[in-house]
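Knowing the structure of chain A, use the given hints to seat chain B on it.
Going line by line, the protein sequences match chains A and B. Here the first sequence is numbered in the numbering used here, starting from 134 and rising by one per residue. Here the second sequence is numbered in the numbering used here, starting from 346 and rising by one per residue.
Just so you know, the hints here were simulated from the structure itself, not pulled from any lab data. The reader is advised that the hints may include incorrect statements.
In silico EDC-like cross-links for lysine to aspartate or glutamate, where the CA-CA straight-line distance does not exceed 16 Å [claimed, not checked]:
#1 B:Lys645 <-> A:Glu187
#2 A:Lys228 <-> B:Glu551
#3 B:Lys645 <-> A:Glu186
#4 A:Lys228 <-> B:Asp358
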Amino acid sequence: MDLIRLKNVSKKYKNGVTAIYDLNLAIEKGSFTFVIGGSGSGKSTLIKMLYREERPTKGQIIVGGLDVAKLRNTKVYKLRRKLGIVFQDYRLLPKLTVYENVAFAMEVIGATKEVTRRNVLRALEEVGLKNKVHNYPDQLSGGEQQRVAIARAIVNNPKLLLCDEPTGNLDPERSMEIMKVLDNINKTRGTTIIMATHDKEIVNSMKKQVVTLKDGHLVNFKKKGTYIDENN
Amino acid sequence: MRIIRMLGRSIRDAFKSVIRNFSLSLASISCITITLIIVAIAIMASFNVQNFTQEIEKDLTIVIFLNNEVTDEDITRVEEEIKQIPNVDQDSVVFASKQDVKEEMQQESEVFDTVLDEWDDTESPLKDTFQVKVKNVEKISDTAERIEKINQVNTVRYGEGMVDQMISAFSSIEKVTYGVVIALVIVTVFLIINTIKLTISARRREIGIMRLVGASNFTIKTPFIVEGMILGLLGSIVPVIFTTYGYLAFYKHFDGYLFTQLIELIEPEPFIYSTAGIVVIIGILVGMVGSAGAVRKYLKI
Numbered sequence: 134m135d136l137i138r139l140k141n142v143s144k145k146y147k148n149g150v151t152a153i154y155d156l157n158l159a160i161e162k163g164s165f166t167f168v169i170g171g172s173g174s175g176k177s178t179l180i181k182m183l184y185r186e187e188r189p190t191k192g193q194i195i196v197g198g199l200d201v202a203k204l205r206n207t208k209v210y211k212l213r214r215k216l217g218i219v220f221q222d223y224r225l226l227p228k229l230t231v232y233e234n235v236a237f238a239m240e241v242i243g244a245t246k247e248v249t250r251r252n253v254l255r256a257l258e259e260v261g262l263k264n265k266v267h268n269y270p271d272q273l274s275g276g277e278q279q280r281v282a283i284a285r286a287i288v289n290n291p292k293l294l295l296c297d298e299p300t301g302n303l304d305p306e307r308s309m310e311i312m313k314v315l316d317n318i319n320k321t322r323g324t325t326i327i328m329a330t331h332d333k334e335i336v337n338s339m340k341k342q343v344v345t346l347k348d349g350h351l352v353n354f355k356k357k358g359t360y361i362d363e364n365n
Numbered sequence: 346m347r348i349i350r351m352l353g354r355s356i357r358d359a360f361k362s363v364i365r366n367f368s369l370s371l372a373s374i375s376c377i378t379i380t381l382i383i384v385a386i387a388i389m390a391s392f393n394v395q396n397f398t399q400e401i402e403k404d405l406t407i408v409i410f411l412n413n414e415v416t417d418e419d420i421t422r423v424e425e426e427i428k429q430i431p432n433v434d435q436d437s438v439v440f441a442s443k444q445d446v447k448e449e450m451q452q453e454s455e456v457f458d459t460v461l462d463e464w465d466d467t468e469s470p471l472k473d474t475f476q477v478k479v480k481n482v483e484k485i486s487d488t489a490e491r492i493e494k495i496n497q498v499n500t501v502r503y504g505e506g507m508v509d510q511m512i513s514a515f516s517s518i519e520k521v522t523y524g525v526v527i528a529l530v531i532v533t534v535f536l537i538i539n540t541i542k543l544t545i546s547a548r549r550r551e552i553g554i555m556r557l558v559g560a561s562n563f564t565i566k567t568p569f570i571v572e573g574m575i576l577g578l579l580g581s582i583v584p585v586i587f588t589t590y591g592y593l594a595f596y597k598h599f600d601g602y603l604f605t606q607l608i609e610l611i612e613p614e615p616f617i618y619s620t621a622g623i624v625v626i627i628g629i630l631v632g633m634v635g636s637a638g639a640v641r642k643y644l645k646i
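So that you can see chain A by itself, here it is in the shape it has in the complex (with noise of 0.2 Å):
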C-alpha cells in the first residue's frame, strides 16, 4: 500500500523559481527512500512539501490519507502528528535536557506523564543515548544531537519519518552511526523513511530506494539504487 502519493505535482515559489516540475510518486509504506540531487535540484522543496511548510502550486499530495495540498493552516497540526522530522540543523531546545526534549514533542500533544516517560524513554534507548537523559543538548556532540532530534521524531509513533539532510553537519563515522540508527527504526519499527541527502557514500552503502531529482524533474526511480553522478 502507498503511503505517499504524489500525482502532477508543481511548485513555483513567489521569486519566480520554479522548484518542482510535474512530479509523479508513490512510496510505499515501510520502505526506505534515499531523495538524491544536486543543490537546487528540489529535493527539500519536496520534503517541506511532504510536511506541509510548503503548499505545491499544482497537483495533489497524499500523506497517510490526508490531502496535504488543501489543508488548512489550523489543521497542519494533524498531518505533522503522523510524521516525524528530523533536519541537519538538530533544532533541539537549548534550555531543556535531552529527556525534556523528547518529553516536549509528547507534551505538546496532551499525553499523560506515565506514557511519556515510557515512550521518551523506549526512543532513547532505540537512538543509544538511554546514559545521557539528563544532559543538556550543549554537552553532547553533533552525532548525539541528532540522535536526540531522531528519538523526538518518532517519540509518537509516526508512521513517517522526513530527513532533511541528517547527516549534513556530521562526519561520515558519525554519519554511519546516524544511518544505522535509522536503519533500525525502519526494520523495527516499520516506519517509513524518505532522507533527503548528497552523500554518496551513504546512499551507495544503504542499497536503498532512490529517488533522483535534478533541477526540479523526476530523472531516476530505482528499487535498489545508487548515486547517479550527476556529470555521467
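Below, chain B without anything else, positioned relative to chain A:
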C-alpha cells in the same frame, strides 16, 4: 482530562515566561499598576459623582404658584393637567393651600407668625402651591415651561440657574473621567501587546518546534494568552490594596462628606469590594485582550 493537562501546561509555561523575562514583565506590570490605580480613582470618583447627582436630583422640586383668585375647581383641573405631563412623577404631586403655607411659615419663625396672623385669607400675599417632582431632571426646564402655560398658574420655580449648572458640570466631569479611563486602557493594551510580542520573539524557536511536532494552534497560543492574564492579575494587586485602604482612609478623613454637607460620599462597604473586583477584572481583561492582539499580530501560524 487532556484539556486540563494542556491548560496546566499553559499556566506553568506562562509563569515560567513571566519569571524568565522578569525585567520586562515587571515593566508591564508597573504600567498596568499605574493605569489601574488611575482607573480605580476614576471609577470611584465617577460612582461618587453619580451618587450625589442622584441624591440632589431626588430632592429637586418644582414649586407652582397659582393665581390668587383660583377656585377649588381650578385647583383640581390644574392638578389633572400637571399629572398629564409625561415627565411629571404623578405620585409626587402635592398641593399646599394658602392656609397650609401660612401654618408652615408660622412654625418656622416668630416674626412670620405675628405678621401672618394679621392677614386674613382675602388679603394674604401667599398663594396656593403645588410641589412636583420630575422623572428626568435634564428635561426639568421644558417641564417647567409647560406647567407655566397651564391656565391659572402664576409662577413656576425650580432653582433654575444653580441646578442647571450643577447638572451639566457633573455630566461633563463624568464624560471626562470615562474618556481618561478609556484612553488609559488603550495605552495599557498596547503595552501588553509589546510585552507579549517580545515573549513571542524570544520563544520563536520553541514555537517552530512545537509546530513541527504537531502542537495545535490552541496549544501554541494559550500560554501567551495566559501570560497576559497573569500580568494583568499581578498588576492589579497594588491597585486593589490602594482602592480598599485608600478609600477607607479618605472616607474617614472627610467623615463621609466632601467639602459640604451637600456632597455625601458612598459608604465604603461594600463599595470598595465591588470596585476592587472591577479593577481585577479590568486588569485580567486588558491583559487578555493585549496578548490576544499580540498573538494574532505576531504569531504567524
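So, going through the hints one by one against the coordinates:
| no. | hint | in the structure |
| --- | --- | --- |
| 1 | B:Lys645 <-> A:Glu187 | holds (14 Å) |
| 2 | A:Lys228 <-> B:Glu551 | holds (10 Å) |
| 3 | B:Lys645 <-> A:Glu186 | holds (13 Å) |
| 4 | A:Lys228 <-> B:Asp358 | holds (13 Å) |
Comparing the model with each earlier hint shows no violations; every hint is respected.
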